[in-house]
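With the hints as a guide, dock the two chains, each given alone in a separate frame, to form the complex.
Chains as they are written, first to last, in the UniProt record's numbering: chain X, 1 to 242; chain V, 1 to 220.
Because the hints were derived from the structure by calculation, they are not lab data. Note that CB positions come from ideal geometry on N, CA and C, so glycine has one too. Careful, some of the hints might be misleading.
[As the list claims (entries may be wrong)] Going by beta-carbon spacing under 7 Å, a handful of chain X positions derived as facing chain V: (1) Gly59; (2) Leu75; (3) Tyr185; (4) Leu189.
[Unchecked claim] Coverage of chain X stretches by chain V, computed from C-beta distances (three or more under 8 Å per stretch; other residues unrestricted): (5) 65-72; (6) 156-164; (7) 171-179; (8) 190-203.
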Amino acid sequence: MTWGLVSNWILPGLWITVQVALFSALIALVVSFVIGTLRTSELWIVRFLSGAYFEIFRGASALVVIFWFAFAFPLLFGWQLVPLWAGALALGLTYGAYGSEIVRGSLAAVPEAQREAGIALSFTRLQRLRRIEIPQAWPEMVPPFNNLAIELLKGTALVSVIAVADLAFAGNVIRLSTNESAPVYTLLLVIYFVLAFGVTRGMRAVERHAKRGVGRLPERKPLFSRTAAATANGSTTDGGAR
Amino acid sequence: MSRSWNWDAVWDFMPYFWDGLLLTLQALLFGTLLAFSLGLVWAIALRGPRWVAWPVIGVTEFVRNTPLLIQLFFLFFVIPDLPGGPTLSPLVAGSIGLGLHYSTYTMEVYRAGIEGVPAGQWEAARALSLPMGHTWRAVILPQAFRRTVPALGNYVIAMLKETPLISTIGLTELLLTAREYGVQSFNFMEPITVVGVAFIVIAYPASLLIRVLERRLATY
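Chain V with its partners taken away, still in its complex shape (with noise of 0.2 Å):
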């Protein structure tokens, strides 16, 4: 029951298109905030003493080595029904289980950031007797942020094209407007290529300007 490619329900399907994007980027936008902020409080918590580091050890590598969708049904099910648990929108949901979940990952970049900075830079703000926290702000952080640039967009990349995910929960991303159109009209063909063609020409784009800034910063 092959059939040909329909343009008309490509332009049919574009105005719920545009809705779906501007909820992925919502979700992409608040879970990277998450990320790249959670990422650094958990580099840090890695330097601390050991009663810190090794509880944050633990939940980062649970997170990392179980699935986002399973992550996802956790925060959206289980969350409302724990004595006293708030009830989390999709959007919400989604984006905390994403910025959780790519956390985890910007941690890594974050902390090998930090221990590319020389010990030299410690010592001396040690010397200065620089107070932790000015230490942490005023010298460490600056430098290793530089390293982490390239590899955070990377992980941007790779949480947009986590972002379907969320459909599971009920947020109408890209890819449940694809489903719902092709629900309503038959039609799903040409949706849910439209929508994966649409990953591709925001990611790769997106990769090159990544591959352009690593070789600036780089170089510098």
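Only chain X is shown next, with the shape it has when bound in the complex (with noise of 0.2 Å):
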């Protein structure tokens, strides 16, 4: 393996993979509040539907899902979709029904009180969601965010079947190319090894500064992601959003 390779495809497939991460969690943060919450709603038809898409993406394999975004959507709607625009959908809307699970049990575990406190201070359903549940179930949620995150960025590793250039996508050109596989597949795994490793890092500093924010103070942690892997894995939040 050259420098010339690893200039040219490795390092360009490392800011693709970052990018298709960052897309993806934000779609996936998003659809997790909004279909989360709507499945805290008080309308069944309303339950019934975000369940219905919780269900399906959850179901649904994420690397089907992929193939159908990028290969099935175009024939049925008539829109083609860029390859990494697809891949960053797919895994947004399938990571997004697991982030789901985390927001609503979230919820589900803030006291009773709060949410009558709101009621009894007239404060619309949206308000009450915004400024009351909200904040204090959101520490609860940063951990299992953590694992998804995790989970979301390996996930990114699937995208490369659709001809997205990201990281796997150079280590097969490189195997190709070299018809040598063992440095390049080496590099790949310590690479997104250290990528998971800074995510964890990163949401780290987000969950000190989420129990900041409801006045408690954080708890002392190992290194890496033992401990909360291990809460959140033997909890159905994660889990058994699987």
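Spelled out as structure tokens, the structure:
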């Protein structure tokens, strides 16, 4: 593997991977909050429809959804999406469904009295969500969102199969051009690991900030994600969401 | 160039669909067996001495935080290149990759289950001077398994949804059968939609079953 291959494929691939991760994370975050709050609605039809969205995207395989957006969607609707956007949209919608379960669970964990107090002060439903429920639920959401962000980052490798030139795609190009697979795939695994590490550190900062926002002290955690992964994987908010 | 849904293409695709489903379920079965057994090995090793536990933590963290797709490429392309490395078929490489990746998740499930066994059980086993292997087999694991069943079931569903990744190293499971059918018949929309629906049709009742199981085991 030469420097030319690295600078022509790996570095641009890294940038594409970061872009896909950011775009799909943004879509997933919006979907999580919209679907997650709709699932706590008082109207059964709203709960049913948002629940159906959740079950459909939780049940479908992310890779199949990516293929569907890349190949079936254009035939069905006559719009061809740019591969990068097809991938980001598919990932965002899929991981947003998982995220909606986190939002729903954390909102349900806010003490009932808080909601009643909001009603007593004649807040509208949106005001209640924005000013009372979401700010208190937010610190609880951050650790499972961290796990989801790592899953999403790993999921971005899937967009390489619809010819988005991300890191995984760069790996395949280099394997085919140099006939050597060991160095490039080892390098890729290390890069993804470092990225995941960076995401975890970033989310720790978000978590500290969120906990300070509701007057709670952040707890000390080991360097990597062991405790976060353990608690969220054991609970139904993350492990159950898959 | 939008066009309407064609049921004939669906019926035409169905024979290939069953072949793909068979391979998908095979990969899922082997992957599950590996994930369940290897995860248990990791979880027990975590309670061992430091020189065992730390490398296990390092390796499992690395495997869990890197994409399965790259791990599959690694198994399929790198392992045969190593001196004396065996050539793995797509099904074998795929099952190993899937099982290894998810063993790092099941490890945490087992770990939580083992930690949930009260300390008194360990002490009682020691007071009866049961040997270590016997303590694990007859006292700790039977109690730990109860709590782990629903969480393990969730990971089987998660693995089912990751099996299409094995198509990238050439296993003609559901997704690849759909793509191959699409290439020869120019009908992409129907087979891919059928495969997507198939995953939901399998995964949704399975998740309902797990929810029932969760309630059953919790009230026991």
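Each hint, compared with the structure:
1. Gly59: holds (4 Å)
2. Leu75: holds (4 Å)
3. Tyr185: holds (5 Å)
4. Leu189: Since chain V brings a Cβ to about 5 Å from Leu189 (chain X), closer than 7 Å, the hint holds.
5. 65-72: Our answer is that it holds, as 5 residues pass the Cβ test (under 8 Å) against chain V, meeting three.
6. 156-164: holds (count 5)
7. 171-179: With 3 residues in contact (Cβ-Cβ under 8 Å with chain V), the coverage given for the region 171-179 of chain X holds.
8. 190-203: Three-residue rule met by the region 190-203 of chain X, so holds; n is 4.
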